[in-house]
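Q: Spelled out from the first residue to the last, the chains are:
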Amino acid sequence: MVGKNCFAIASDRRLGVQLQTIATDFQRVFKIHDKLYIGLSGLATDAQTLYQRLVFRHKLYQLREERDMKPETFASLVSAMLYERRFGPYFCQPVIAGLGENDEPFICTMDCIGAKELAKDFVVSGTSSESLYGACESMYKPNMEPEELFETVSQALMASVDRDCLAGWGGHVFIVTPTEVQERVVKGRMD
Amino acid sequence: MSRRYDSRTTIFSPEGRLYQVEYAMEAIGNAGSALGILAADGVVLVGEKKVTSKLLQTSRSAEKMYKIDSHVSCAVAGIMSDANILINTARLHAQRYALSYQEPIPVEQLVQSLCDTKQGYTQFGGLRPFGVSFLFAGWDKHHGFQLYMSDPSGNYGGWKAAAVGANSQAAQSMLKQDYKDGLTREEAVALALKVLSKTMDSTSLTAEKLELAEVFLQPGTGEVQYQVCSPDALGKLLSKAGLTQPAPEA
Numbered sequence: 001m002v003g004k005n006c007f008a009i010a011s012d013r014r015l016g017v018q019l020q021t022i023a024t025d026f027q028r029v030f031k032i033h034d035k036l037y038i039g040l041s042g043l044a045t046d047a048q049t050l051y052q053r054l055v056f057r058h059k060l061y062q063l064r065e066e067r068d069m070k071p072e073t074f075a076s077l078v079s080a081m082l083y084e085r086r087f088g089p090y091f092c093q094p095v096i097a098g099l100g101e102n103d104e105p106f107i108c109t110m111d112c113i114g115a116k117e118l119a120k121d122f123v124v125s126g127t128s129s130e131s132l133y134g135a136c137e138s139m140y141k142p143n144m145e146p147e148e149l150f151e152t153v154s155q156a157l158m159a160s161v162d163r164d165c166l167a168g169w170g171g172h173v174f175i176v177t178p179t180e181v182q183e184r185v186v187k188g189r190m191d
Numbered sequence: 001m002s003r004r005y006d007s008r009t010t011i012f013s014p015e016g017r018l019y020q021v022e023y024a025m026e027a028i029g030n031a032g033s034a035l036g037i038l039a040a041d042g043v044v045l046v047g048e049k050k051v052t053s054k055l056l057q058t059s060r061s062a063e064k065m066y067k068i069d070s071h072v073s074c075a076v077a078g079i080m081s082d083a084n085i086l087i088n089t090a091r092l093h094a095q096r097y098a099l100s101y102q103e104p105i106p107v108e109q110l111v112q113s114l115c116d117t118k119q120g121y122t123q124f125g126g127l128r129p130f131g132v133s134f135l136f137a138g139w140d141k142h143h144g145f146q147l148y149m150s151d152p153s154g155n156y157g158g159w160k161a162a163a164v165g166a167n168s169q170a171a172q173s174m175l176k177q178d179y180k181d182g183l184t185r186e187e188a189v190a191l192a193l194k195v196l197s198k199t200m201d202s203t204s205l206t207a208e209k210l211e212l213a214e215v216f217l218q219p220g221t222g223e224v225q226y227q228v229c230s231p232d233a234l235g236k237l238l239s240k241a242g243l244t245q246p247a248p249e250a
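Read top to bottom, the protein sequences are chains W and V.
Under the UniProt record's numbering, the first residue of the first sequence carries the number 1, and numbering increases by one thereafter.
Under the UniProt record's numbering, the first residue of the second sequence carries the number 1, and numbering increases by one thereafter.
Treat each hint with caution, since some may be false.
Said to hold, decoys possible - Below 30 Å or equal to it, Euclidean Cα-Cα: the simulated DSS-like pairs (lysine-lysine) are:
#1 K67/V <-> K141/V
#2 K141/V <-> K31/W
#3 K180/V <-> K236/V
#4 K120/W <-> K31/W
#5 K67/V <-> K236/V
#6 K49/V <-> K240/V
#7 K198/V <-> K160/V
#8 K116/W <-> K31/W
#9 K160/V <-> K180/V
#10 K67/V <-> K176/V
#11 K59/W <-> K141/V
#12 K59/W <-> K49/V
#13 K70/W <-> K4/W
#14 K67/V <-> K31/W
#15 K67/V <-> K59/W
#16 K67/V <-> K70/W
#17 K187/W <-> K4/W
#18 K59/W <-> K31/W
FYI, nobody ran anything at the bench for these hints, they're computed from the structure.
Using the sequences plus the hints, can you model the full thing?
A: Structural data, given as structure tokens:
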């Protein structure tokens, strides 16, 4: 979700196989560099592998170009990598959030074969995506400061995952501003 | 008589020498020198920049030093275009290792793989060897700080202090005399600058002609840091060591 010169990216913490919960501290939001994060929902193994491959590509980019990747460029990279597997896809829906030129917040999501969807306010993915769309739509306000953004994102996330039996066990929220990153674990209904 | 044996890389001479490899080392002997010194708390790499025209607009930040991965970097002496290819190969290799094993590549393994590539060009394919010598500096959790030198033949060795490029023999013998175990990074930098100032051809030693990089562990986080010295800081170091001479009148 976009705020005023900042953005928030959050996920739940459950890892499950249908009805069985395997872990309650699963990391789904990953850092690419200080001002770029990616959240990967869907099949856990694909999320991890895709993240590792993206780190590979980004590290080489950093070494050759001697700078970090811009979020828009990164989104194109993710989209291309997903489409490469058009007929045997990664079962992941990424959510990409970063601070671009002049620290302008940038967010986007895509489907598992790389169809990019840019937005100015918020993007969601995962099993609770329909609830998330509703919750974000009603709670979102433009130009929120980091503190208020954190509240909004946490409330929207908790409300949506509570109605979804496959998501929950707390939330992991990152608030990223040009100067710092705040990482917080939100405690919700632990079921 | 040796003429018959040097046109192809893949032939030994009767004396058991590989001429193409030796000619490659000759080429490196004409290139800008590079020095590496292993200190107790880091590794210091210094390079002499050969091309210092005012007209040169450098797009890259460094000409002699390159980062291979966050924990390994290298200094180069020889044909720059050959170096670029090998550095790219090294970078890819390091990332592929990290992707498969999810941990940083041990420095010696990286050096070994690069040297295997270089060796290939001395045995098959009919291609000439790479005209580059490297000084690799890095840190890993197995052996701490390390310095390796590799040459066109594909040989490499771990060193406490090493020199490649122009006047490397002189530099190496000077290092042999003055190197002590347990040097700090600062002392290593001072030693490197002193040795380089004696072996460099040019009359005046200014910050523009040199590049200095250090590999060390960040005090707070323990992460490996590769830091290239800025020209100003380098100028200060040179004057502190009493090595700057007035630049010639333009």
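Q: Against each hint, give a clear statement of whether it holds in the structure.
A: Cross-check of the supplied hints:
Distance check on the hinted pair: K67/V and K141/V sit about 18 Å apart at the alpha-carbon level, within 30 Å; holds. Our distance criterion of 30 Å between C-alpha atoms is met by K141/V and K31/W, whose separation comes to about 24 Å. With a C-alpha separation of about 24 Å, the suggested pair K180/V and K236/V falls inside the 30 Å cut-off, and the hint holds. Taken as a hint, the K120/W and K31/W pair is honoured in the structure, with Cα atoms around 21 Å apart against an allowance of 30 Å.
Restraint check: the Cα-Cα separation between K67/V and K236/V comes to about 24 Å, which is no more than 30 Å; the hinted pair holds. Proposed proximity of K49/V and K240/V is supported: the alpha carbons are some 21 Å apart, at most 30 Å. For the given pair, K198/V sits about 20 Å from K160/V by alpha-carbon distance, which is consistent with the 30 Å threshold. With a C-alpha separation of about 20 Å, the suggested pair K116/W and K31/W falls inside the 30 Å cut-off, and the hint holds.
The straight-line distance between the Cα atoms of K160/V and K180/V is roughly 9 Å, inside the 30 Å bound, and the hint therefore holds. Straight-line distance between C-alpha atoms of K67/V and K176/V comes to about 27 Å, which keeps the hinted pair within the 30 Å bound. A hinted pair counts as satisfied when its Cα atoms are at most 30 Å apart, and K59/W with K141/V qualifies at roughly 20 Å. Distance hint between K59/W and K49/V is fulfilled; the C-alpha atoms sit about 27 Å from each other, no more than 30 Å.
The hinted pair formed by K70/W and K4/W meets the criterion: a straight-line CA distance of about 19 Å does not exceed 30 Å. Pair hint K67/V plus K31/W holds up; C-alpha atoms about 21 Å apart against a cutoff of 30 Å. Only pairs whose Cα atoms come within 30 Å are accepted, and K67/V paired with K59/W is accepted, the gap being roughly 11 Å. For the given pair, K67/V sits about 21 Å from K70/W by alpha-carbon distance, which is consistent with the 30 Å threshold.
The hinted pair formed by K187/W and K4/W meets the criterion: a straight-line CA distance of about 25 Å does not exceed 30 Å. Between K59/W and K31/W, the direct Cα distance comes to roughly 12 Å. Compliance with the 30 Å bound is thereby established for this hinted pair.
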